[in-house]
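Participant: Sequence:
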Amino acid sequence: WFEIPPAALEHEVQKRFINDFYSRKYYHFTIAAGRRSYKTERFAKRLAVTEAMNNRDKVYHLGAPVRKQAKEIFWKDIKALSPKHLIRRINETELKIEYVNNTVLNVVGLKEFATIEGGYSHGFFISEYQKCEPEVYSQSIEPMINDVGGYVIKEGRPLEKSNFSKTIQRA
2 WFEIPPAALE HEVQKRFIND FYSRKYYHFT IAAGRRSYKT ERFAKRLAVT EAMNNRDKVY
62 HLGAPVRKQA KEIFWKDIKA LSPKHLIRRI NETELKIEYV NNTVLNVVGL KEFATIEGGY
122 SHGFFISEYQ KCEPEVYSQS IEPMINDVGG YVIKEGRPLE KSNFSKTIQR A
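The sequence shown maps to residues 2 to 172 in the numbering used here.
Keep in mind the hints are simulated off the structure, nothing from the lab. We treat Cβ as the ideally placed atom computed from N, Cα and C, and that holds for glycine. Take these hints with a grain of salt, some might be off.
Unchecked claim - Label-pair ranges, simulated between beta-carbon atoms:
# : residue 1 : residue 2 : range
1 : F3        : P144      : 12 to 22 angstroms
2 : N147      : D58       : 28 to 38 angstroms
3 : P84       : L10       : 32 to 42 angstroms
Claimed, not checked - Simulated crosslink set (DSS-like; lysine-lysine; CA at most 30 angstroms straight-line):
#  : residue 1 : residue 2
4  : K77       : K16
5  : K132      : K26
6  : K80       : K59
7  : K112      : K69
8  : K132      : K112
9  : K69       : K80
10 : K16       : K59
11 : K59       : K26
12 : K132      : K85
13 : K80       : K112
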């Protein structure tokens with residue numbers, strides 16, 4: 002897999018995020034950054050796979066506004082990032098990886114968020130949050146993480162008058 006440039010790894014904001022994340026200081030993280038800041042690579046793909054491999058009996062989700070986009074952003078990369086000896090099963094139809102530690106990593110589209118309601122998530126990683134429906138978090142994701150003391154990471158670009166811009170203003 003490719004190396005993340007040192008400038009991104011040593012960026013003060015990115016270092017603070019990692020410290021806050023691993024200290025479990027918060028359960029709700031918002032990352033607003035431009036393209037090529039490595040936000041999706043570092044704080045969604047790699048972090049989700051690391052969490053899935055290191056924590057037994059958990060359920061994690063990687064989501065984007067629509068399923069096709071979520072598959073395009075995440076699916077090939079999380080399979081490549083997951084060591085083969087730690088994978089029990091890959092379900093190409095459901096976009097799901099089951100690890101030998103009984104943890105499951107799901108890739109989902111959030112436009113159809115009603116399809117994931119009722120489940121739970123120990124960690125939910127959302128890319129392109131600025132393009133998601135405003136109610137996806139409060140109606141689907143928040144109950145899923147609250148039930149098990151999970152967390153959410155929303156990342157995207159803060160476009161004017163988007164749901165993501167409002168989220169940043171409240172943070």
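Participant: Against this structure, judge whether each hint is valid.
Facilitator: Outcome of the hint check:
no.: 1; hint: F3 with P144: 12 to 22 angstroms; verdict: violated, 36 angstroms
no.: 2; hint: N147 with D58: 28 to 38 angstroms; verdict: violated, 18 angstroms
no.: 3; hint: P84 with L10: 32 to 42 angstroms; verdict: violated, 22 angstroms
no.: 4; hint: K77 with K16; verdict: holds, 26 angstroms
no.: 5; hint: K132 with K26; verdict: holds, 27 angstroms
no.: 6; hint: K80 with K59; verdict: holds, 18 angstroms
no.: 7; hint: K112 with K69; verdict: holds, 11 angstroms
no.: 8; hint: K132 with K112; verdict: holds, 10 angstroms
no.: 9; hint: K69 with K80; verdict: holds, 16 angstroms
no.: 10; hint: K16 with K59; verdict: holds, 25 angstroms
no.: 11; hint: K59 with K26; verdict: holds, 20 angstroms
no.: 12; hint: K132 with K85; verdict: violated, 33 angstroms
no.: 13; hint: K80 with K112; verdict: holds, 23 angstroms
Checked against the numbered hints given earlier, the structure breaks hints 1, 2, 3 and 12 and satisfies all the rest.
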